[in-house]
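Novice: Start from the sequences and build out the full structure, keeping to the hints where you can.
There are 2 protein chains.
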Amino acid sequence: MSTGKTYRPKAETPKGFRDYFGAEVTTRKAMLDAITAVYHRYGFDPLETSAVETVEALGKFLPDVDRPNEGVFAWQDEDADWLALRYDLTAPLARVAAQYRYDLPSPYRRFAMGPVWRNEKPGPGRFRQFYQCDADTVGAPSVAADAEICAMLADALEAVGIERGDYVVKVNNRKVLNGVMEVAGLSGDDKEAERGIVLRAIDKIDRLGPEGVRALLGAGRKDDSGDFTKGAGLSADQAETIMGFTSAIRATGTETVARLRDLVGASAIGTEGVDELETIATLLAAQGYGPDRIVIDPGVVRGLGYYTGPVYEAELTFEILDDKGRKRQFGSVAGGGRYDGLVKRFTGQDVPATGVSIGVDRLLAALHAKGRVIADTAGPVVVTVMDRDRMADYMAMVGELRTAGIRAEVYLGNPKNFGNQLKYADKRQSPIAIIQGGNEAEKGTVILKDLILGAKIAENATLEEWKDRPAQVEVPRTDLVAAVKKMLAP
Amino acid sequence: MSTGKTYRPKAETPKGFRDYFGAEVTTRKAMLDAITAVYHRYGFDPLETSAVETVEALGKFLPDVDRPNEGVFAWQDEDADWLALRYDLTAPLARVAAQYRYDLPSPYRRFAMGPVWRNEKPGPGRFRQFYQCDADTVGAPSVAADAEICAMLADALEAVGIERGDYVVKVNNRKVLNGVMEVAGLSGDDKEAERGIVLRAIDKIDRLGPEGVRALLGAGRKDDSGDFTKGAGLSADQAETIMGFTSAIRATGTETVARLRDLVGASAIGTEGVDELETIATLLAAQGYGPDRIVIDPGVVRGLGYYTGPVYEAELTFEILDDKGRKRQFGSVAGGGRYDGLVKRFTGQDVPATGVSIGVDRLLAALHAKGRVIADTAGPVVVTVMDRDRMADYMAMVGELRTAGIRAEVYLGNPKNFGNQLKYADKRQSPIAIIQGGNEAEKGTVILKDLILGAKIAENATLEEWKDRPAQVEVPRTDLVAAVKKMLAP
Numbered sequence: 001m002s003t004g005k006t007y008r009p010k011a012e013t014p015k016g017f018r019d020y021f022g023a024e025v026t027t028r029k030a031m032l033d034a035i036t037a038v039y040h041r042y043g044f045d046p047l048e049t050s051a052v053e054t055v056e057a058l059g060k061f062l063p064d065v066d067r068p069n070e071g072v073f074a075w076q077d078e079d080a081d082w083l084a085l086r087y088d089l090t091a092p093l094a095r096v097a098a099q100y101r102y103d104l105p106s107p108y109r110r111f112a113m114g115p116v117w118r119n120e121k122p123g124p125g126r127f128r129q130f131y132q133c134d135a136d137t138v139g140a141p142s143v144a145a146d147a148e149i150c151a152m153l154a155d156a157l158e159a160v161g162i163e164r165g166d167y168v169v170k171v172n173n174r175k176v177l178n179g180v181m182e183v184a185g186l187s188g189d190d191k192e193a194e195r196g197i198v199l200r201a202i203d204k205i206d207r208l209g210p211e212g213v214r215a216l217l218g219a220g221r222k223d224d225s226g227d228f229t230k231g232a233g234l235s236a237d238q239a240e241t242i243m244g245f246t247s248a249i250r251a252t253g254t255e256t257v258a259r260l261r262d263l264v265g266a267s268a269i270g271t272e273g274v275d276e277l278e279t280i281a282t283l284l285a286a287q288g289y290g291p292d293r294i295v296i297d298p299g300v301v302r303g304l305g306y307y308t309g310p311v312y313e314a315e316l317t318f319e320i321l322d323d324k325g326r327k328r329q330f331g332s333v334a335g336g337g338r339y340d341g342l343v344k345r346f347t348g349q350d351v352p353a354t355g356v357s358i359g360v361d362r363l364l365a366a367l368h369a370k371g372r373v374i375a376d377t378a379g380p381v382v383v384t385v386m387d388r389d390r391m392a393d394y395m396a397m398v399g400e401l402r403t404a405g406i407r408a409e410v411y412l413g414n415p416k417n418f419g420n421q422l423k424y425a426d427k428r429q430s431p432i433a434i435i436q437g438g439n440e441a442e443k444g445t446v447i448l449k450d451l452i453l454g455a456k457i458a459e460n461a462t463l464e465e466w467k468d469r470p471a472q473v474e475v476p477r478t479d480l481v482a483a484v485k486k487m488l489a490p
Numbered sequence: 001m002s003t004g005k006t007y008r009p010k011a012e013t014p015k016g017f018r019d020y021f022g023a024e025v026t027t028r029k030a031m032l033d034a035i036t037a038v039y040h041r042y043g044f045d046p047l048e049t050s051a052v053e054t055v056e057a058l059g060k061f062l063p064d065v066d067r068p069n070e071g072v073f074a075w076q077d078e079d080a081d082w083l084a085l086r087y088d089l090t091a092p093l094a095r096v097a098a099q100y101r102y103d104l105p106s107p108y109r110r111f112a113m114g115p116v117w118r119n120e121k122p123g124p125g126r127f128r129q130f131y132q133c134d135a136d137t138v139g140a141p142s143v144a145a146d147a148e149i150c151a152m153l154a155d156a157l158e159a160v161g162i163e164r165g166d167y168v169v170k171v172n173n174r175k176v177l178n179g180v181m182e183v184a185g186l187s188g189d190d191k192e193a194e195r196g197i198v199l200r201a202i203d204k205i206d207r208l209g210p211e212g213v214r215a216l217l218g219a220g221r222k223d224d225s226g227d228f229t230k231g232a233g234l235s236a237d238q239a240e241t242i243m244g245f246t247s248a249i250r251a252t253g254t255e256t257v258a259r260l261r262d263l264v265g266a267s268a269i270g271t272e273g274v275d276e277l278e279t280i281a282t283l284l285a286a287q288g289y290g291p292d293r294i295v296i297d298p299g300v301v302r303g304l305g306y307y308t309g310p311v312y313e314a315e316l317t318f319e320i321l322d323d324k325g326r327k328r329q330f331g332s333v334a335g336g337g338r339y340d341g342l343v344k345r346f347t348g349q350d351v352p353a354t355g356v357s358i359g360v361d362r363l364l365a366a367l368h369a370k371g372r373v374i375a376d377t378a379g380p381v382v383v384t385v386m387d388r389d390r391m392a393d394y395m396a397m398v399g400e401l402r403t404a405g406i407r408a409e410v411y412l413g414n415p416k417n418f419g420n421q422l423k424y425a426d427k428r429q430s431p432i433a434i435i436q437g438g439n440e441a442e443k444g445t446v447i448l449k450d451l452i453l454g455a456k457i458a459e460n461a462t463l464e465e466w467k468d469r470p471a472q473v474e475v476p477r478t479d480l481v482a483a484v485k486k487m488l489a490p
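Those sequence lines, one after another, are chains A and B.
216 is the number that our numbering gives to position 216 of the first sequence; each next residue is one higher, with no gaps.
105 is the number that our numbering gives to position 105 of the second sequence; each next residue is one higher, with no gaps.
Calculated from the structure, these hints are not laboratory results.
Warning: the hint list may mix true and false statements.
It does not matter which identical chain is used: a pair holds within one copy or between any two.
With a cut-off of at most 25 Å between alpha-carbon atoms, the simulated DMTMM-like pairs for lysine to aspartate or glutamate come out as follows [to be verified]:
#1 K10 / D81
#2 K485 / D155
#3 K29 / D376
#4 K121 / E56
#5 K427 / D19
Specialist: Shown next, in the form of structure tokens:
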């Protein structure tokens, strides 16, 4: 590894990990702060659990992975207990809801934001540490809790800068699908394998299209590479019933609900699901959330296998260009739903819960695509050092600027090469360089250089060229702060 | 472990880890946001590195621990590479400064805030995951960089609510101690063991007092349990020289500098250190930071072994009561200094660096002790549910309140027992409960209950008692938002 005599470690992040610099940190923080303000207004309280949990408390598998310990960073501590980094924010919530069940308010509304870790093969844009931003209500059986989270999700998207009309929150219900399965004759205990295939098939509708799903519902499907996936073996009628569910959306929520009621027929669980969807729509309408923001859409199938009641997903409807320059909708940035068994693993008691997870990186990418980055990412005013013996004078200048609330720095590198100082200011995206050489010091003045105007020629400019640019002013030293403020004003 | 047939995992954090709820998260965030604003104004950029590093990049030991892998949570990944959780924010900075050395501005001012992990025996108040808040300047050889960080530290303390006069930033210099060692005849390569004993001895001055340190400088010291620690074996004269350093502080910075100049005599390194201290004082004075905020104090010895030049420490000077009810100064909340070898481990090149770390939990404790908690920790207005069939009406109320920017909730638990709703509001520290039963609905009114006044009797109140309290008003439904605003107004 090392070639010389002295061993030098490699200065690298581990594979699949990355660093976030400056504006990357600031913009994410500004976005999460805007979301926090909405969650706070809705009465949700922050919860920050530790990054490390016992493997026992986490559960041995990710929601969609059934191999034990798959996908988790884990190690054995000195007492031989297995510890692991959390892989999401829901498993720690389950542990907290059980551990503090006699102390927490019930229902317990909480939000959590922070990194999670997945021990998976990294790939382009696929990291082993990433942010999640979750909000959940634990202990509220009523679908009013689901409706509330849908409304909060809409508000959160608008708070970060996604305009109304550029997003839609789609609501569906797992119970309706269960009802449809019942109607299709797939409800018995002996039909679990078929139901599994059906779930996985409709989960792929975006990728395979209706025909691909229909093939998987029937005998099976051969993909482009020639590989054959065995299907659920449903009859054409059965398959039609299932497909009817995924395409049941109509022009209005009332019509969609009516169509679904038709589809679930006499199924009790199906009817319950349709009733829940109707109630959610009514509760949202009472708060002024109409179908321009939140719609009932049975086409939302993602994660249906994991959830037990209402499911919801936020999609951004504006178009972006993909890698190949083709237009496509931005797509999903958040999803969630109602799930059981959260606390039950620990206590044996059913505790209803519903919650949403926002894809932090996806939403940030959307804000960038829309030019809606919230944070102020301007660089500092840079006070240059013309005469290193007068460092105290330069520090006094920077002190005055900072006291006036202006972001400012004195150049702290070797001041000998003035060009380096200007290159530094350029790299810092500095709006203004302050210059005071011996002449100016004698006259009691300072020079302010407008670097936003001058940025393009900055890289190779000598001091002489620099001083001749029109975008510079010489002002009395006593006017420094006022002159900087004036130049910074938009 | 489990007694029943179904195995139930324990709902517990691993030993030494904890959860942070509601106001604990909010107050820490508010404090860190205030510090961020100061760091930003000083031109420092945020850096967020991943929690996971290669063991190789981290280095195999903590600054003050010399056993390999001691104190770190580490595991082997599937490629047999050892990975570990970062134990501080400085080691990742070193890796970043080396990895991106051609891309980062130089000097590079960065701040970082986040959790770090130590695999140590947990104890009371001693956790294995805790926050650090660091600011460092990499690549600035001038002590102007050290002076800047001292000024920034003072500003940060004031920004979070520590008043001027309640803190002092103490500055010392490792080079001065080196000079004093030279004067005491301890500078040769063969005296490394003695210098180590001297460093460790004066590092303990707070605990052992001058006499204990003097014993360790001489033959050795027997502690209360009878254990004997071998000393450095210095003569009385040599010990006197060293002790003179730790007690060199005088009434003014000028006098302290003069005294130190005396102590280091003809030592070149010692004189350099004294010059640096003098320069720092001059630069700080030019920015208006006088000895009411920042003082030269050779009594600051903590961590001298780790640093190579200026060191600084922020102490809070107000008194608190300790566990036994005795008055004592609050003490240190932040410390730092100049260190070499940061990037050198990776690149072989010296890169000067200086930085400070704020003890996040210590500073939070200080703010609590002074009653200076920044965050608004008020609970939400709770809209109670008197009639579950009118949930849409209650959600409309809560929607109006939220739209007006008021933190509000509708009760989402089982509404049957109204007392439970009031207990819930109490637990949520709700300022106001909104009540609308059938009568009020008919009249088109709502009742607002002032819970801050009513808090004490809330726990066992029946609805009837509750309605008779004077701290409640009945207002037209249309006046809901205005009436809530009025009741919330201070």
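Novice: List in ascending order the numbers of the hints, as given earlier, that are violated by the structure.
Specialist: none
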